[in-house]
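A.B. asks: Let the sequences and hints guide you as you build the complete structure.
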Amino acid sequence: MTKNKRKNILFINFGGLGDEILFLPSIISVKKEFPNSKITLALEKRSKGITSLTDIIDETLFANIKGSSKYIELLKLLFKIWFKKFDIVVCSGSNKFISIFLFLTFIKKRYGYNSGKLSEILLTKAVPLNKNQYAASMYHDLVREITKINTELPQINIERKETILNSVLIHPGVSLLSVKKGMIKTVPADIWAEVVEKLADKGKQVILAGGPDDEAVIKTIVDKVPQEKFTNMYGKTKNLKELAELISSAETFICSDSAPLHVGVALGVKTYVIFGPTDDKKLIPSNGKVIPIKAQNCNCELYPCLWERRQTTCENLDCLKIPSDKIVSMISN
Numbered sequence: 001m002t003k004n005k006r007k008n009i010l011f012i013n014f015g016g017l018g019d020e021i022l023f024l025p026s027i028i029s030v031k032k033e034f035p036n037s038k039i040t041l042a043l044e045k046r047s048k049g050i051t052s053l054t055d056i057i058d059e060t061l062f063a064n065i066k067g068s069s070k071y072i073e074l075l076k077l078l079f080k081i082w083f084k085k086f087d088i089v090v091c092s093g094s095n096k097f098i099s100i101f102l103f104l105t106f107i108k109k110r111y112g113y114n115s116g117k118l119s120e121i122l123l124t125k126a127v128p129l130n131k132n133q134y135a136a137s138m139y140h141d142l143v144r145e146i147t148k149i150n151t152e153l154p155q156i157n158i159e160r161k162e163t164i165l166n167s168v169l170i171h172p173g174v175s176l177l178s179v180k181k182g183m184i185k186t187v188p189a190d191i192w193a194e195v196v197e198k199l200a201d202k203g204k205q206v207i208l209a210g211g212p213d214d215e216a217v218i219k220t221i222v223d224k225v226p227q228e229k230f231t232n233m234y235g236k237t238k239n240l241k242e243l244a245e246l247i248s249s250a251e252t253f254i255c256s257d258s259a260p261l262h263v264g265v266a267l268g269v270k271t272y273v274i275f276g277p278t279d280d281k282k283l284i285p286s287n288g289k290v291i292p293i294k295a296q297n298c299n300c301e302l303y304p305c306l307w308e309r310r311q312t313t314c315e316n317l318d319c320l321k322i323p324s325d326k327i328v329s330m331i332s333n
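Take the sequence shown: its position 227, counted from the start at 1, is 227 in my numbering, and no numbers get skipped.
Source of the hints: derived by calculation from the structure; they are not laboratory data. A couple of the hints might just be wrong.
Here are the computed lysine-lysine pairs in the DSS-like style, where the Cα-Cα straight-line distance is at most 27 Å [as the list claims (entries may be wrong)]:
id, residue 1, residue 2
1, K180, K282
2, K229, K326
3, K32, K108
4, K117, K5
5, K229, K181
C.D. replies: Pasting the structure below:
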């Protein structure tokens, strides 16, 4: 493939916002390999906020594949793809159907994960799926046949703000969709309230942030903690870009296992993350700037379980029995 020739490249990633951020290094590496290329990303509408964090995506195509009409949505997407005349397609899906879908795009160069013999026949390269690594590296495996450039971490383009000294920015929530699906991934709101108050009592400048999905946990914190002990920025960041700008101003950032975590990673802000049922080794880089906070004595035989062994979390949630004192001591050290 000639570097200077303009390529029309399609990336497909139907995941949440966090997945889209983790997918960015793959797109960045290919763009560096083919700087004159046009980049199109096919994704779900719930994750469209990714376009506010990067200027590398020239066009987006949307398909809602989580609903009951997912096959109709995929057919509509296929029609759109046919008219775009792409040169290369890279898809992150591991379903056995993906290789058939990519073949039906009639795009000459097709890259996806190896899901069996059919994928080896229908794809230009059926890439071995290695889930036992940082997710951004797992996605990047898809483009190693296309480029030797290796972008290890997500990168976003925003206007960074001046660092607020001695500040701890807290984003306690997770997506409402994950809660509705029974994926409990953070400590209770009462624990977050204790963390806010104890950090303030230690002299930290505590800033509270969140979006529409975080209303319940924010309300608990506001009701329990005297307002003079923290700055409440809930509802004052109108979109993902403004939240990212706020995160860039923090000396320390603490959050749950959710999309803002990956924003913190991309910005290089020192980030502490509450981890329960998910595997921290697959969701954060080992660069020393991102520190997992986990239960000390979790005796669950399936831990970590979410996605690997379970699609929902259990009732006991031993992996999320993390006292506020432990969280505060880790941040204060």
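A.B. asks: It remains to establish, for every hint, whether it holds in the given structure.
C.D. replies: Each hint tested on the structure:
1. Taking the CA atoms of K180 and K282, the gap is near 23 Å; set against the 27 Å cutoff, the hint holds.
2. Our distance criterion of 27 Å between C-alpha atoms is met by K229 and K326, whose separation comes to about 20 Å.
3. Distance hint between K32 and K108 is fulfilled; the C-alpha atoms sit about 21 Å from each other, no more than 27 Å.
4. Between K117 and K5, the direct Cα distance comes to roughly 33 Å. Violation of the 27 Å bound is thereby established for this hinted pair.
5. Taken as a hint, the K229 and K181 pair is broken in the structure, with Cα atoms around 34 Å apart against an allowance of 27 Å.
The structure fails hints 4, 5 (numbered hints given earlier, in ascending order).
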